[in-house]
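From first to last, the protein sequence lines are chains A and B.
All residue numbers for the first sequence refer to the working numbering, where the first residue is 3 and numbers rise by one.
All residue numbers for the second sequence refer to the working numbering, where the first residue is 11 and numbers rise by one.
Derived DEER-like restraints, expressed as beta-carbon distance ranges:
#	chain 1	residue 1	chain 2	residue 2	range
1	B	Leu351	A	Asp98	49 to 55 Å
2	A	Glu227	B	Leu74	54 to 60 Å
3	B	Leu80	A	Tyr116	17 to 23 Å
4	A	Asp90	B	Arg259	55 to 61 Å
5	A	Arg304	B	Leu340	45 to 51 Å
6	A	Arg183	B	Leu80	52 to 58 Å
7	A	Tyr116	B	Leu146	27 to 33 Å
8	A	Leu242	B	Leu174	44 to 50 Å
Bear in mind the hints are in silico, worked out from the structure with no lab data behind them.
We treat Cβ as the ideally placed atom computed from N, Cα and C, and that holds for glycine.
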Amino acid sequence: MPMLEPSSRPRARAGNASRGERRPTDRHAYRRSVRIAASVVAAMLVVFAAPARGALPRVASINLCTDQLVLRLADPSQIVTLSWLSADPEESLLADEAARYPLNYGTAEELLRYDPDVVVAGAFTGAYTRSLLRSLGYTVVDVMPELTVDDIESNLRVVARAIGRAERGEALIAEMRERIRHLERTKPAEPVAAVVVRPGGFTADAGSLAHTLMTLAGLRNVPAEQGLDRWGSLSVETLLRTPAELLIVTPYRTDEPSLANAVLAHPALRAVATRKTAIEIPGAYFGCGLPDSLDAVEIMRRANERLGAANGDAL
Amino acid sequence: MIADRKLAAATAESQPLLDRRWIDPPFARPFVVLIPLVAIAALASIWVGRTSSGPAFGLGDAALARTILLEIRVPRTLLALLVGGTLGLCGAALQGLLRNPLAEPGLLGASSGAALGAVIVFYFGIAAADSLLLPLGGVAGSIGALALLYALAGRRAALVTIVLAGIAINALAAALTSLALNFAPSPYAALEILFWMLGSLADRSLTHVGLALPLMIPGWLLIVAAARGLDALTLGEEAAATLGYAPARTQWLVVGGTALAVGAAVAVSGVIGFVGLVVPHLLRPWTGHHPSRLLAPSFLAGAALTLAADIAIRLMPPGPELKLGVVTALIGAPFFLHLILRRSGELAS
Numbered sequence: 003m004p005m006l007e008p009s010s011r012p013r014a015r016a017g018n019a020s021r022g023e024r025r026p027t028d029r030h031a032y033r034r035s036v037r038i039a040a041s042v043v044a045a046m047l048v049v050f051a052a053p054a055r056g057a058l059p060r061v062a063s064i065n066l067c068t069d070q071l072v073l074r075l076a077d078p079s080q081i082v083t084l085s086w087l088s089a090d091p092e093e094s095l096l097a098d099e100a101a102r103y104p105l106n107y108g109t110a111e112e113l114l115r116y117d118p119d120v121v122v123a124g125a126f127t128g129a130y131t132r133s134l135l136r137s138l139g140y141t142v143v144d145v146m147p148e149l150t151v152d153d154i155e156s157n158l159r160v161v162a163r164a165i166g167r168a169e170r171g172e173a174l175i176a177e178m179r180e181r182i183r184h185l186e187r188t189k190p191a192e193p194v195a196a197v198v199v200r201p202g203g204f205t206a207d208a209g210s211l212a213h214t215l216m217t218l219a220g221l222r223n224v225p226a227e228q229g230l231d232r233w234g235s236l237s238v239e240t241l242l243r244t245p246a247e248l249l250i251v252t253p254y255r256t257d258e259p260s261l262a263n264a265v266l267a268h269p270a271l272r273a274v275a276t277r278k279t280a281i282e283i284p285g286a287y288f289g290c291g292l293p294d295s296l297d298a299v300e301i302m303r304r305a306n307e308r309l310g311a312a313n314g315d316a317l
Numbered sequence: 011m012i013a014d015r016k017l018a019a020a021t022a023e024s025q026p027l028l029d030r031r032w033i034d035p036p037f038a039r040p041f042v043v044l045i046p047l048v049a050i051a052a053l054a055s056i057w058v059g060r061t062s063s064g065p066a067f068g069l070g071d072a073a074l075a076r077t078i079l080l081e082i083r084v085p086r087t088l089l090a091l092l093v094g095g096t097l098g099l100c101g102a103a104l105q106g107l108l109r110n111p112l113a114e115p116g117l118l119g120a121s122s123g124a125a126l127g128a129v130i131v132f133y134f135g136i137a138a139a140d141s142l143l144l145p146l147g148g149v150a151g152s153i154g155a156l157a158l159l160y161a162l163a164g165r166r167a168a169l170v171t172i173v174l175a176g177i178a179i180n181a182l183a184a185a186l187t188s189l190a191l192n193f194a195p196s197p198y199a200a201l202e203i204l205f206w207m208l209g210s211l212a213d214r215s216l217t218h219v220g221l222a223l224p225l226m227i228p229g230w231l232l233i234v235a236a237a238r239g240l241d242a243l244t245l246g247e248e249a250a251a252t253l254g255y256a257p258a259r260t261q262w263l264v265v266g267g268t269a270l271a272v273g274a275a276v277a278v279s280g281v282i283g284f285v286g287l288v289v290p291h292l293l294r295p296w297t298g299h300h301p302s303r304l305l306a307p308s309f310l311a312g313a314a315l316t317l318a319a320d321i322a323i324r325l326m327p328p329g330p331e332l333k334l335g336v337v338t339a340l341i342g343a344p345f346f347l348h349l350i351l352r353r354s355g356e357l358a359s
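Just chain A, same shape as in the assembly:
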């Protein structure tokens, strides 16, 4: 691979350091190793690729989740471009903020024009684009999808360090921890059984971000208790039989016809929804893990308290 600027080689190497260890048998060990590698990369970036003192690195993001992390972490002046999905209110929690910035479609040629110092990308998006940018000497930070609170914290930390905003990252993490402590303290004694119904009959398995958020809210995730794993799906019939009292429906592009949404409109399901309590939480909350994810927890917590109180009255 011909290098254009010899001086940029160390940066490219730093960006590549997360190559190497790959998926051992234990998924969590793998994720941990990626996280550690990412932290090491980030630390190296701070040492080797720190831009001129005082000036913050120019940041481009090419993934919906990293867009939102960057929006929460970066100084507005340092964001040069975000991905097109981040300005879509169906996908993104921060669509209004994102719409203020130039949007990209994640191709190398576009990104070169913005000439960012750091490109933040999802570990599953644009494999070719990421490696091309690395070979051209750009610093590329890969971020795994967030499934737990720990994931959110470590991604916040990794991105914050990479874009020279480590303090902001720590502040957001501290804020999140405070909110979580409050949620833990006020956890209702009686956990309400709940089930997430996503378009297509998908629900939330025990390893998902939605499960993490439900647990924080003090809800019992029924499908996870029943052993559904990996983006498990429920038939309408299973849903009818579910012992869950609370249905968490996640509307997503409800105006656009799709088979997936037809499941949500199933008459039987609507009949269940009238007998049980149903709340709506926009799909974007379950897509990316952010400090804002705790807002969804608070919505679920309120439903939990309402139902718990009603149960108490009935007794």
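Given chain A, put chain B in place with the hints provided.
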């Protein structure tokens, strides 16, 4: 098999092997059109970009313009040319070998094997580390598919056996690919796999050219070595054997060449359909029914079609890029239909 023989007989009747019409100037005619066409398409492909076009690429910055030209546009153009050419060439060779106009490069399982190899790399999350592992997985998959084909069919296998074994391998690889999708570590990985399988040349680098070319060139050479044997096969297997062209040798030259070249192509670009099927059909009226004369023009026309599709992708209004396999089919299908309608009209009259 019987239908094949009939077809071959009919072909031999209507186009005698030594008809002078196919020996003299018409033989050169496709090249007069195709070589300039490929050259123009290649230049246009370098010229046209997703965000802006032209020599300076809308930039004052010469260094940046050079990077875009040399590191993004040129590799993309080269790969479109090589991948498209490979698909056209292999499609023509297979249609010649099987004496069946429905043959296409994916038939023998090489491309689905390559796709499976790449998808496995995706599945285990290795692609997140290094995009080069993706094409390497593809190459391994295609070689694996070829080895399996050879093991199943045996060295002296009849053509039918090879085709059936190829279809079985195709089905197996497709099933395993779907299985990998089912068990994908996350919905994002599944999406990335799906998109990859639709074919794309976006953001490939010269490294990918360097990876594919060393496998493509021997593949092409094997097919070229089979050219005379393919011509002889149009007379039927027994006739070819008496002419000194052992059908088994021709078979394995074409099968091996296709597996190598198409495997390498799929490994770097994903699955790009239709080019290998439609291109030989487009050219056959020009070259007559000599498979050997179809080979080089098919390479050029495959390259031109793929370049054109890739240019079309970049001329679309802003948005996420369309996938190359989608566009080649969109461009190719109407051509193909037109051809079929015209031919059925000829047969009726």
